[in-house]
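A.B. asks: Working from the sequences, and respecting the hints, build out all of it.
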Amino acid sequence: MSRFAALPIVLILLLGAARPVAAAAPVRSTTTGTFTLADAIFEYENFGVIDGDCGDFVLLVDFDVVRTVTTWPDREIRHVRYDGHFYNASDTSKSIVRNGEFTLTFRFDDAGGFLDLTQTGLFEYVVIDGHRMPTITGRSTTDLTSEPPTVWATPRASSETAAFVCDALR
Numbered sequence: 001m002s003r004f005a006a007l008p009i010v011l012i013l014l015l016g017a018a019r020p021v022a023a024a025a026p027v028r029s030t031t032t033g034t035f036t037l038a039d040a041i042f043e044y045e046n047f048g049v050i051d052g053d054c055g056d057f058v059l060l061v062d063f064d065v066v067r068t069v070t071t072w073p074d075r076e077i078r079h080v081r082y083d084g085h086f087y088n089a090s091d092t093s094k095s096i097v098r099n100g101e102f103t104l105t106f107r108f109d110d111a112g113g114f115l116d117l118t119q120t121g122l123f124e125y126v127v128i129d130g131h132r133m134p135t136i137t138g139r140s141t142t143d144l145t146s147e148p149p150t151v152w153a154t155p156r157a158s159s160e161t162a163a164f165v166c167d168a169l170r
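Numbering of the sequence shown is given in the working numbering, commencing with residue 1 and proceeding in unit increments.
Rather than coming from a laboratory, the hints here were simulated on the basis of the structure. Heads up, some of the hints might be wrong.
Dumping the calculated EDC-like pairs for lysine to aspartate or glutamate here, alpha-carbon to alpha-carbon at most 20 Å [to be verified]: (1) Lys94 <-> Asp51; (2) Lys94 <-> Asp129; (3) Lys94 <-> Asp143; (4) Lys94 <-> Glu43; (5) Lys94 <-> Glu45; (6) Lys94 <-> Asp83; (7) Lys94 <-> Asp56; (8) Lys94 <-> Asp167; (9) Lys94 <-> Asp53; (10) Lys94 <-> Asp39.
C.D. replies: If you want it as structure tokens, here you go:
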């Protein structure tokens, strides 16, 4: 038998032995939420929760959020978008737009345990005098298998409230 004659038999054997690769279809969901100024005032007055300290006043926030989650057996991707405001807690008639849009990607091991978390996007920006000004942006990855977790980050972020946010609310 020539090798060309054996080729169809070999192909049939290979195709018969090969298992189809079946990827589980992703599960998708969307959730929404609202955190109002009344919620922020309640948390501030009862629990001291604030979103920034401007020295002579603190910041409160409100927002509407939409989370779109797509899950596979080995990962979950969350697209998050929120629209809201920063408020001067001493005079809540003073506010500026505070929005963000970012992605969180969780990777899982075969048992469903967390491997890592990658965060990317424009986590927060404000609009002052018609200009969009980023306050937190970038990318970071957290290895959740190490103790303590290891973080690699390139965000332009700070634990301090940006001075231009405070100045806009004075």
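A.B. asks: Each hint: holds or not?
C.D. replies: Structure-based check of all given hints:
1. Lys94 <-> Asp51: holds (15 Å)
2. Lys94 <-> Asp129: holds (13 Å)
3. Lys94 <-> Asp143: This hinted pair is violated, its Cα atoms lying about 40 Å apart.
4. Lys94 <-> Glu43: holds (19 Å)
5. Lys94 <-> Glu45: The given pair, whose Cα atoms are some 18 Å apart, holds under the 20 Å limit.
6. Lys94 <-> Asp83: With Cα atoms ~17 Å apart, Lys94 and Asp83 stay inside 20 Å; holds.
7. Lys94 <-> Asp56: Holds. Lys94 to Asp56 sits at ~14 Å (cutoff 20 Å).
8. Lys94 <-> Asp167: holds (11 Å)
9. Lys94 <-> Asp53: Holds. Lys94 to Asp53 sits at ~15 Å (cutoff 20 Å).
10. Lys94 <-> Asp39: With Cα atoms ~17 Å apart, Lys94 and Asp39 stay inside 20 Å; holds.
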